[in-house]
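Visitor: From first to last, the protein sequence lines stand for chains S and C. Residue numbers 1 to 242, in the numbering used here, belong to the letters of the first sequence in order. Residue numbers 1 to 66, in the numbering used here, belong to the letters of the second sequence in order.
Derived from the structure by calculation, the hints contain no laboratory data. The reader is advised that the hints may include incorrect statements.
Under the rule of at most 35 angstroms between Cα atoms (straight-line distance), these lysine-lysine pairs were calculated in the DSBU-like manner [to be verified]:
(1) S/K218 x C/K42
(2) C/K53 x S/K218
(3) C/K28 x C/K2
(4) C/K42 x C/K28
(5) S/K112 x C/K28
(6) C/K20 x C/K42
(7) C/K62 x C/K47
(8) S/K112 x C/K2
(9) C/K28 x C/K47
(10) S/K218 x C/K2
(11) C/K47 x C/K2
(12) C/K53 x S/K242
(13) S/K242 x S/K218
(14) C/K28 x S/K218
(15) C/K20 x C/K2
(16) C/K42 x C/K53
(17) C/K62 x C/K42
(18) S/K218 x S/K112
(19) S/K112 x S/K242
(20) C/K2 x S/K242
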Amino acid sequence: MANPTTNYGWPMPTATDLVTDLPADFAAFGQPVDTSLKALNPETTLGDIAYRSATANTNTRLGIGSTSQVLTVSGGVPVWATPAGGGGMTLLASGSITASPQTISSISQDYKELVLYCIDFTSGSANSTAVRFNSDSGNNYYTVQVAQNNTTFTSGISTAGTIATVIAPDRGTVAENHFVLRIPNYTASAYKVASAISFITNDGNTTFGTTNTTIGYKSTTAISDIQIIYNTSGSYQLYGVK
Amino acid sequence: MKIAIHNATTGEIIEREATKDEIAQAAKDQALVEAYLEAADKRATEKAALLAKLGITEDEAKLLLS
């Protein structure tokens, strides 16, 4: 064996050392071994890990990260980091529909798309659920609907007006109707388009209807509030999508 | 007439009586929706009447147009 050792340079006793030199030889050997092992295992706390540093035979301690953090690389070394969000839906507002209009205001502008669910509502026998953006009652809503009632296709309806109807005529008073409204690019300073799908039951699960609606909204103002009009019951959940 | 406003930033929900302007707007909206429903009804009625006049079913009409 090489003396000192090849990799770590630990000094070994030599053949000419006297037996009385052994305690000193062990001290000369043991301390560098201890120092080397500590340099290779710098962890101090449960969960710590070590990685190779720029110095040979010396590792660097990386303390345990926080809950949900992931191991990534920054500046050529491993680090713990909180993963970037992406693709998820964040609940912005939810509640029961208690009035008409039911307005959701001060909507965050930090998302790519808004998704509004309205569940278990009725708009009564004389109305059809509608929406309005930014309390804008101008003639800025262009709506095209294709509807189906039981097995019968209802021909499309096209309207332009001061309000956007979301579902086809809902003449029932049974609160079993639902719609999902999607508004992509709602923060854009350009005209917007939204789409809605709805499912209605007019009389308690014996008559069914579905509607696909496309809404053009002629406004260059970012959407920061949505009014739900003519729903007299049910609940709503507004999500932001990254 | 009551309206409800849910502030999506603070979570605060305010329910209050509508103002005079809001009531006026609701009346305009109501007229618009009634016209929309009437148009939808009229279209359905006219369609049924035409099919009856032609003596064909809706499926047969679809076949003709396909």
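Visitor: Please write out, lowest number first, the hints stated earlier that are contradicted by the structure.
Guide: Of the numbered hints, 2, 11, 12 do not hold.
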